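Peer 1: Now for the letters of each chain:
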Amino acid sequence: MNSQMNPGVTARRLNDDSLRENFGDLHAPLQPHEAAVASDRCYFCHDAPCVTACPTDIDIPLFIRQISTGTPEAAATTIFDMNILGGMCARVCPTEELCEQACVREVAEGKPVEIGRLQRHATDTLMAKGVHPFERADATGKTVAVVGAGPAGLSCAHRLAMLGHNVALYDARPKAGGLNEYGIAAYKSTNDFAAKEVDWLLAIGGITLENGKALGDALSLDDLARDFDAVFLSVGLGGVNALGIDGGENDSVIDAVEFIELLRQTDDLATLPVGRNVVVIGGGMTAVDAAVQSKLLGAQNVTIAYRRGREAMSASRYEQDLAASHGVQLLFNVQPKAVLNGGASTQIELEYTAVTNGKLAGTGETLFLNADQVFSAIGQTLTTDGGLVLEGGKIAVSERGRTNRSKVWAGGDCASGGNDLTVTAVAEGRDAAMDIHATLMGGVE
Amino acid sequence: MADLTTDFLGIKSPNPFWLASAPPTDKEYNVRRAFEAGWGGVVWKTLGAEGPPVVNVNGPRYGVIHGADRRVLGLNNIELITDRSLEINLEEITRVKKDYPDRAVIVSIMVPCEEQAWKDILPKVEATGADGIELNFGCPHGMSERGMGAAVGQVPEYIEMVTRWCKQYYSKPVIVKLTPNITDVRLPAAAAKRGGADAVSLINTINSIVSVNLDSMSPEPSIDGKGTHGGYCGPAVKPIAMSMVSEIARAPDTAGLPISGIGGVTTWRDAAEFITLGCGNVQVCTAAMTYGFKVVQEMISGLSQWMDEKGHTSIQDFMGAAIPNTTDWQYLNLNYVAKAEINQDDCISCGRCYAACEDTSHQAIAMSSDRTFTVIDAECVACNLCVEVCPVENCITMVEQKPGTVDARTGKTVVDDYANWTTHPNNPGAVAAE
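First to last, the protein sequences are chains A and B. Going letter by letter, the first sequence gives residues 1 to 445 in this note's numbering. Going letter by letter, the second sequence gives residues 1001 to 1434 in this note's numbering.
Read the hints as simulated data drawn from the structure, not as lab findings. Be careful, since some hints might not be right.
[Stated by the list, open to error] Estimated spans, in silico, between C-beta atoms of each pair: (1) B:1251 <-> A:129: 53 to 61 Å; (2) B:1066 <-> A:317: 52 to 60 Å; (3) A:109 <-> B:1098: 47 to 55 Å; (4) A:7 <-> B:1066: 57 to 65 Å.
[As the list claims (entries may be wrong)] Some but not every residue of chain B turned toward chain A, in silico, with C-beta under 7 Å: (5) 1348; (6) 1351; (7) 1354.
The structure presented is a predicted model; accordingly, all values stated were derived computationally and were not measured. The beta-carbon is built from N, C-alpha and C at its ideal position, and this holds for glycine as well.
Next comes chain B alone, as it looks inside the complex:
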């Protein structure tokens, strides 16, 4: 059986599944239940400065995008950082870490962008025995209006400055949590690295309005008739998160910087994908909030089974394995030619491929009077739309055209050579092939 143990920044955990800083990790009670359920680690819900804690709204905090049968596809929240006192949180963290020495306990922190504020809180956090800290530079609602959270994460100079303070006043690993509400995630990641961050974690939630009530005309969740943007997470954000992770993993400035992947991890497969893009572990929230802590059991068994099947003995075996294959569009092989192929035995004649191709794409699927659907090679550009709209998995496939065959659409013989846009004659900026 595969070994799921992870060593992230020297912090050991029995598996790569951590609970993200969020409502599930707000209290000792929840965290104990999470550890009993099998979670490898937690990032404790964000602590604020000493003194009266923040207050939350007393109305709905969450909004959801539902799929079929009310499956939660996207979740948005307007909850703030912990609304319990610093002292109580610190006491609880201390007790929990003592009782679960083999699990990772990371403390998320958000205090004002003043050196003294960080200088005050960091020794107290250090005293809990927790394994590290995560700087919440991502929370996009409420706290950002007060100059914290995403307001810091959107200014690379602040990230660097605060990270440096943390490295100065705290001895254990410092993880910087990044906001996706920026144009280029590589810049804040590089700033964190310059400040001395041991790792970055991403993504935090995305600015979002999930719904508008068409009777009250209020965005939802609605508080007394008014709504505000919240932070979006859940399965819907995974593609955005993975792209941002890959950019940091690939950028020369930040390549090699440890990453904790966050964003819509719902199954073992999601976790495996994040890890192949360079993450050392993953953090989960929405899946736990939807299904409860038990969901980690599927993640553990699934990842373990897949690793066994692939012959991976540790997470390290496939960590970052997809990074070399993640490239810029300009380097994609323009000599690669594929064509859609419909397996007539599997086809149930729904005609969705036909409607999609005929109405919105390349008119490359023919429909006969007896509802047989066939690909017209002379029109097919292998766009993949038919594959994706077909309700039968693997009924339509993209078949690579072997070198030597003639592409019926272009009339050109498929060649084995690799050639990309940088050298293409239609590219005004093309450089001559060496």
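The shape of chain A in the complex, shown without the other chains:
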């Protein structure tokens, strides 16, 4: 048994009980009475601001009222009707920046209705019964290929199947789910929820899932466009931005995405090695997820180093506070300069930054932090574009998800627009499905 004090990178810093507690549910599910009390706080606003704030336009006042009248199953159907991944979104949505920020009670009292937790209560209730609330429309005879079984692809495939189309769903990874399965903090998706959600979603029927098939590898866009009536690309961002600094190739520099994936897929957290001193470079949710989980695995000192100020961080204030409450140090206005292998302990050299004339630049002043591990979380890049027109490094799409190529739609993180949120990917997949449906059935161009 090691401890947080052991130098270098090592496994078993914490005992099994501590790990179990650390990686349990971030928010305990609401019990029925708690849900009744929480739902009663909803004012059932007219043209409610929370709905406007929801990327998937869930009728929030209606589903909350359905909970308050003792029909969480009906509430779940209201949610799933707009967002088939409402269960995962209830867990990972930055509600504090979406529906709950818009809640009139947030405005009035600083205490919004707990929309996220109520949504989870509803969706968990229905899913626990193994009920799939939707039926497929009569078969249309049309076939659609959906490439990438992350949030956007799953959402698109489900909506298409519901409308009566047959869907071939492909994914490069051994498991479906995309970032839900591989890319978010373990304490947000406990008990293998992501995989269970996929199984539940596929119960609609009409969707065949094939894993281990990647675009540009086993799949070619030309073939798909020839063999199917339509193609939806939701391949995500497969590449990781490199730090591009001296020592950036050092073994101690690890992609945060890989670290999170390892955490999510392991059978035994105790076997995962983590440094005594960890530095995470970046300012997004991935940075926070990597930093907090390092701490939960037993790292003694964890620092998030972000090159801009707090207000520019894409991780919400809530996420920042979550990190801080777990003992993660947040360091702002510093950028990585070099990773130094100094014998017993690796160090990272960070340089302070300042914005002058609207441009961020190093000030020349540096500081050194011990860093047995440096997690890089500075964004991901598109790796398979299928030869389509790009915009800002992503597949260019119209509002309805159309690419420059006929019969081909795209959505989720690989497509232009959007904001890298699960819920937005779900909305894009759903809306593209509706446009594909309209196109296939109505001959709309």
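Chain B: place on chain A using the hints.
Peer 2: Showing chain B alone in chain A's frame:
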């Protein structure tokens, strides 16, 4: 500090909060605890005639309407009068009254509508030293099927007859408890007065079914799959009780007849309101059954604080103060004009006022694209719905339109004169203004 002492029919109590005849006052044990907690008086749970006592059901007796967080809004019961023997009750009453001479102890009685039955029990009750009796003419379930309780209270002649017997065979104050399960409460009240009653108390509980079990299809509380109507009480019935109290306080036949107010009294404010409508004291049950006897401490401190703030030194100071302002619809001033006004600083933009007005009322609230809600004076009839559905207290208010201003809805200048329906030109039966 305000003096909460009350003198009701010559019966003194340290405060106007009595426990109503009900489960909390069924036994010496409970009543002692109530007095220790500070209650000013109790009406002992209804005694029946000598002999084998009534039996209660052995299943659930209560049903409830819950509000948010299971707050008890309305309670219904199918319990009968005391199911303990007359002798034991009388012994206990005697002991308790002796130990608590400064508290009011009233004995509730329900025996058959026969003179002998009353003649038998009244001397025994008198011997306990209790301060008075209350005639239970209100119990709406069970006992009424046997010709007692509400079955008597619904027939003014019986009320008068029994009250007269009681005044004949009992020397202390007689209070007649009235049932609300009638069409006009003034008639039984007047009958009680004719019979010589010293006071009336009201309301007893209301016929009610609080819920139906949608699996068993039985009303609840359910006894072996069957339910029956029970008596409804608690906060939900307060408006009904206050209206009935006000009618008795205002009717020429009964004005001035002392009233003990009952029905949903839960806080000091409820008690104060009943007293302003003419009650000399109030009786409480559901609040005690929900929160325990300690709840009286809030009632005492709250009433006392309010009286101090208002400069009232005794209950008498404001007793009946709202009666002159309680009138018939026909006498309301039709020249009074108000308009809703929304305080934009307080508004949280929930839009409930808009939905309510737009869908169900007068389309008098405008909503802008940035969710600013404003009143359209030309449409507003000052109905008050927006005020009541707004979740922010005092965000929307009704503002009186001063004489001389023009009502944007009617185009008429607001006048200072009082004019009501009796003289309105649209009233076919209008009498010319003097």
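Peer 1: Each of the hints needs a verdict: does it hold here or not?
Peer 2: Right, here's what the structure says about each hint:
1. B:1251 <-> A:129: 53 to 61 Å: 59 Å, holds
2. B:1066 <-> A:317: 52 to 60 Å: At 37 Å between Cβs, range violated.
3. A:109 <-> B:1098: 47 to 55 Å: 54 Å, holds
4. A:7 <-> B:1066: 57 to 65 Å: 60 Å, holds
5. 1348: 4 Å, holds
6. 1351: 3 Å, holds
7. 1354: 5 Å, holds
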